[in-house]
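Visitor: Chains as they are written, first to last, in this note's numbering: chain A, 52 to 350; chain B, 5 to 277; chain C, 184 to 522.
If a hint is listed, it holds; no wrong ones were tucked in.
The calculated lysine-lysine pairs, modelled on BS3-like cross-linking and capped at a C-alpha distance of 27 Å, are: (1) A/58 to C/258; (2) C/518 to C/393; (3) C/518 to C/404; (4) C/258 to C/300; (5) C/315 to C/258; (6) A/58 to B/106; (7) A/106 to A/88; (8) B/106 to A/88; (9) C/300 to C/315.
Part of the chain B face toward chain C, derived, beta carbon under 7 Å: (10) 166; (11) 168; (12) 169; (13) 171; (14) 174; (15) 176; (16) 177; (17) 178; (18) 187; (19) 191.
Hint data in this document are derived by calculation from the structure and do not stem from the laboratory.
Cβ atoms here follow ideal geometry from the backbone N, Cα and C, with glycine treated the same way.
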Amino acid sequence: MAALGHKRRIRTAALAYVMVLPAFAAFAVFVFYPLAKTFYLGMFRVPPFPGLPQKFVGLSQYTSVLSHSQFLEPLWDSTLLVIFTVPAGIALGLGMAAAAHRQLPGMRIFRTIFSSTIATSVAVASVIFFTLLDPTTGLFAYWIGQRGGTGILGNPTWALPAVAVVSLWQNLGFSFILMSAALSSVPDEILDAAAIDGATGARRFFKVTVPLISPTLFFAAIIGVISGFQTFGQIDLLTQGGPAGHTNVLLYQIYTTFYTNADTGTASVMAVALFVLLVLLTLLQFVFVQRRVFYADER
Amino acid sequence: MPTSVRTALRYLVLVVIAVIVLFPIYITLVNALLPGQDIAKRPPTLFPLHPLWDSFSQAWTDGSLGPYLRTSAIVSIATTLAALATSILAAYAFAFLEFPLKRVLFALCLATLMVPAEVTIIPNYRTIQLFGWYDTYPALIVPFVASGIGIFLFRQSFRQLPRDLRDAAVLDGYGHWRFLGRVVLPLNRPMVGAFAIFAFLGSWNQYLWPLLVTNTNARRTVQVGLKQLEGLNADQQNIIFAGTILAALPIFVLLLLFQRQLVRGLTAGAVKG
Amino acid sequence: MASAAVSLEAIEKRFGSTVALVSLTLTAEAGEFLILLGPSGCGKTTALRIVAGLEAPTAGTVRIGDQVVNDVEPKDRDVAMVFQSYALYPHLSVRRNIEFPLRARRVARDEREQRVKEAARSLQVEELLERKPGQLSGGQRQRVALARAIVRDPKAFLMDEPLSNLDARLRVEMRAELIDLHRTTGTTVIYVTHDQVEAMTMGDRIAILKAGLLQQVGSPKEVHDRPANEFVASFIGSPPMNLLPGELLGEPGLTIGVRPEAFSIDPEGTIGARVTLVESLGHEYHVACRLRDAAGTLVMVRLSAPAVPPSIGDDVQLAFTGPLHRFDSVTGARKEEAD
Numbered sequence: 052m053a054a055l056g057h058k059r060r061i062r063t064a065a066l067a068y069v070m071v072l073p074a075f076a077a078f079a080v081f082v083f084y085p086l087a088k089t090f091y092l093g094m095f096r097v098p099p100f101p102g103l104p105q106k107f108v109g110l111s112q113y114t115s116v117l118s119h120s121q122f123l124e125p126l127w128d129s130t131l132l133v134i135f136t137v138p139a140g141i142a143l144g145l146g147m148a149a150a151a152h153r154q155l156p157g158m159r160i161f162r163t164i165f166s167s168t169i170a171t172s173v174a175v176a177s178v179i180f181f182t183l184l185d186p187t188t189g190l191f192a193y194w195i196g197q198r199g200g201t202g203i204l205g206n207p208t209w210a211l212p213a214v215a216v217v218s219l220w221q222n223l224g225f226s227f228i229l230m231s232a233a234l235s236s237v238p239d240e241i242l243d244a245a246a247i248d249g250a251t252g253a254r255r256f257f258k259v260t261v262p263l264i265s266p267t268l269f270f271a272a273i274i275g276v277i278s279g280f281q282t283f284g285q286i287d288l289l290t291q292g293g294p295a296g297h298t299n300v301l302l303y304q305i306y307t308t309f310y311t312n313a314d315t316g317t318a319s320v321m322a323v324a325l326f327v328l329l330v331l332l333t334l335l336q337f338v339f340v341q342r343r344v345f346y347a348d349e350r
Numbered sequence: 005m006p007t008s009v010r011t012a013l014r015y016l017v018l019v020v021i022a023v024i025v026l027f028p029i030y031i032t033l034v035n036a037l038l039p040g041q042d043i044a045k046r047p048p049t050l051f052p053l054h055p056l057w058d059s060f061s062q063a064w065t066d067g068s069l070g071p072y073l074r075t076s077a078i079v080s081i082a083t084t085l086a087a088l089a090t091s092i093l094a095a096y097a098f099a100f101l102e103f104p105l106k107r108v109l110f111a112l113c114l115a116t117l118m119v120p121a122e123v124t125i126i127p128n129y130r131t132i133q134l135f136g137w138y139d140t141y142p143a144l145i146v147p148f149v150a151s152g153i154g155i156f157l158f159r160q161s162f163r164q165l166p167r168d169l170r171d172a173a174v175l176d177g178y179g180h181w182r183f184l185g186r187v188v189l190p191l192n193r194p195m196v197g198a199f200a201i202f203a204f205l206g207s208w209n210q211y212l213w214p215l216l217v218t219n220t221n222a223r224r225t226v227q228v229g230l231k232q233l234e235g236l237n238a239d240q241q242n243i244i245f246a247g248t249i250l251a252a253l254p255i256f257v258l259l260l261l262f263q264r265q266l267v268r269g270l271t272a273g274a275v276k277g
Numbered sequence: 184m185a186s187a188a189v190s191l192e193a194i195e196k197r198f199g200s201t202v203a204l205v206s207l208t209l210t211a212e213a214g215e216f217l218i219l220l221g222p223s224g225c226g227k228t229t230a231l232r233i234v235a236g237l238e239a240p241t242a243g244t245v246r247i248g249d250q251v252v253n254d255v256e257p258k259d260r261d262v263a264m265v266f267q268s269y270a271l272y273p274h275l276s277v278r279r280n281i282e283f284p285l286r287a288r289r290v291a292r293d294e295r296e297q298r299v300k301e302a303a304r305s306l307q308v309e310e311l312l313e314r315k316p317g318q319l320s321g322g323q324r325q326r327v328a329l330a331r332a333i334v335r336d337p338k339a340f341l342m343d344e345p346l347s348n349l350d351a352r353l354r355v356e357m358r359a360e361l362i363d364l365h366r367t368t369g370t371t372v373i374y375v376t377h378d379q380v381e382a383m384t385m386g387d388r389i390a391i392l393k394a395g396l397l398q399q400v401g402s403p404k405e406v407h408d409r410p411a412n413e414f415v416a417s418f419i420g421s422p423p424m425n426l427l428p429g430e431l432l433g434e435p436g437l438t439i440g441v442r443p444e445a446f447s448i449d450p451e452g453t454i455g456a457r458v459t460l461v462e463s464l465g466h467e468y469h470v471a472c473r474l475r476d477a478a479g480t481l482v483m484v485r486l487s488a489p490a491v492p493p494s495i496g497d498d499v500q501l502a503f504t505g506p507l508h509r510f511d512s513v514t515g516a517r518k519e520e521a522d
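Kindly produce the complete structure, drawing on both the sequences and the hints.
Guide: Listed below in C-alpha cells is the structure:
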C-alpha cells in the first residue's frame, strides 16, 4: 500500500523501526557483535600464565592454530562422526517412514512410537546410554560383552561409533518425521502410474519414490551435517573427549580450550573456523531451499 | 505371496522397529522402578514385578530435578514468549510496512541464520559476565529472545494474507496494531503454535550455553542438571533413570498434546537445523 | 449520512515508470451510480483505490463532497469498499464481520446491534449471522460483504468487480439487488467492471477507460448510440460493432461502424456477402458474413427471429437499417459532421 503523503510515510517508518527494534537489539548484542568480536579475539595470543598481558599477533594465530593438530584432529573426529551418523540416520528414517507409510490398522500407534525419540534431548539420551553402557552395571555393556575394564566408551576404537549410535537413536524420531512428510508429499497418481507401468515394490521405491523425494534427502543430509558439527552434549556426557582425544570433536575442543584452558585466542580461531564451515553448509542449504520452493510451486 | 502373509510380515517389521526404538526408553522406565542394587543383577530384570516409585521423588529432591525442571520451565516459557513477540513484531514490519533499509535489515535477519549460537559463545560469555548476569535467568533467556528463523517464517506466513483483507481493514478504520491483533494473529494461529513449539523445544534442549553460564543447582536447567546425576553411585542408578524420565516427560506430554504442531514446527524449523 | 459527490481532478498515477492513469477528471454526482468500465489493466481499479485512499495519486485532487481528501486517511474518508474477493475476515462470524467497521469506530453496543440487524435484514443474511465465511456460498459471501459496506452508511460505495466471482445466474440476480440497494439507500456508487452488460444495465453513467485514459463518459444510451471513438464503439454492445474500412462505402479516410442490428439481409441490399456462420440464440440469430471486398472483411449481423434463417454458404445481400458511425481511421475519433 502506497503511503499517503510524506507525514504518513514517516509515521509508518517510525512504527516499523519500533517493531523491528527488539529483535535487532538482541541480534546486535548477541549475534553480530560477538561474531565480529570472535574474529578479533582470534588475533590475540593468550599467554600461558594468567596475569600476563595478551599479545596482538594478527592473523598469524589463525595460520598456526588451523594447521595444528589441536584443530585438525578434532576436525577429523567431527567429520568421522558426521560420516557415521548422517547417511545411516537418513536411511533408517526413510526405512521407518516407508514401513509406516501404508495405511493399516494401528498405524497411528507405530507412527507415535517411531517419532517418540523427539521427546528425548541430547542430554537425556546421553545419560541413559551412559548408564546402560557402564562397564560394571550397564545392561548394554553386558549384552555386547564389554564387561569390566574401560567399557566401550573408554575404548579408543569404539568410543566414537558408540557416540554415533547415541546420536542416531536420539535423532530417529526427527528423521522419521521428516521422511514421512517427504513420502506423503509424493502424489499417489505418480505411484499409481508407476504401478501400471509395471514398477512395484522395491523397484518402484528406488526408481520413483526416492528420486521424487531427493530434495528432502539432500535437505536432511545438509542439516544432518550441520548439526553433526555442532555436537557437544553427547561428548560432554559420554566421553569428555576421551579416550585420549578419540572423541574430541571440534566444538568440545573449542569448549575445553576456552573454558578449561582459558585460551580465548585459540578457541576463537577455532570458533571462526567452525563458523566458516557452517556458513558454507548453510549457503548450500539456502541455494537448495530456494530450489525446493520452486519445485513445490511447480507441482 | 498372499496378501495376508505380506500384511503379517509388514506388521512384523513394524513391531521389530518399534521394539528397537522403544527399548532404551522401556529399560529406562524398568530400571527406574527397580531397587538400585537390582539394576546390575544378571540376568537382567525386564519386567518390574514390584515397582518402586520412590526413585522419582528421590530424583525430584535429592537429585534436584525439581529445581532444574522449574528453571527449565521458566527459561523455556520466557524465551518462547519473548521470541514470539519479537519475531511477530519484526515480521509484521517486514510484511506490511514500507521503511528505509527494509531490505538490508531483512538480509541481516537472514544472516543471523548462519551464525549458530555455538560460534559466539566466547564473547557472549564475557558479555554475560560484564552485565553481571552469570548464573541468573537473564543469562539463560536474553541471548535467545530474537529469532531470525521466527521472523522469516512469520513474514512468509503474513504475506500469504490477501491484500484485500488489509485494504478492507484500512477502510474499516483498523490501524496496524489492531490489524495485527484482530486479524493477522488470529489467522496465523497455526504458525504461532508451530513456532512456539519449535522455540520451546530449542530452549528446553539447550545444553552448552546453560552449562557455560550457570554454576548452582538453583539456575541449572534440567539438561545440565542431568550431568550432576551421572555422578551418583552404582546402586543409585534407579534415580538416574528416574531423573531422565522426569526430564523428558514435559516434552513427551507436549508431543502427545500437540503432535501436529510439533511436526509442523520441527519441519519448519528444520530450515535452520 | 448524506451521500456525496466524488470527484477526481486531473489525477495522474505512476508506478515507477509505468503510467496507470493519465490526467483523469471525472465526477460521480451525489447519489449517482457511476460505472468505471474497461479492459483489465486500464486503470479503473487504480482510480477506485485512489478514491478510497489505498493509493495516493502522483498528482491531482480527490474530492468527496466539498472536501479535498488527498491527505485524509482512508478510514476518515467515509467510503465503503466491496472487494472482488469479498475480503471477509475468515476467522470472524458473519455478525462480527458486519460489525467490524462499527467496532473500529467505537459505535455503542446497542446501536451496533441495531445497525447490524438492519444491514443483515436488507441483504437477507439474518439467518447466517453466526456462521463463518468459510461455511457460506459465493452468493452469500457477496451479500455479507455488501452488508458490511452498507452498515457504515457511508457517503459512497466503491465496488471493485464485486460480481465477477459469481456464476452467471447469481450474477444476474445480484445485479438486480445492487440496483435495488442503490435505489433504497440513494448512496453514490462507483462501480468498477470489465463486463459491459453489467455496465449497461446498472449504471446511471458509464466512464470508459483504456490504458489509463478516459475515453468517454455518458449514459448507457449515449455511449451506445454515440460512441466517442472506435474503442468505445467496439467495447460496448454484444456482438460488438462492425468496423468497416471507409473505402467500402466510398468514404476513404474513415472507418464506418455498423452495429450488427443495423444490418438486414435484404435482396435489395447493396452489399454482397457470403454466410460463414449462423448462431441461433433462440430469439435471435447471429450471422457472420464475409464481404466480397478484396480483404474479405467479416461482419456480424444480428437478426431477430427471421422467418427463414440463412444457412452457411448462402450468398446474401446486406442492407443498412440503422445509423452508421463514422470514425477517423487514423485517430479513431468520432466524426460528427456526417450524422
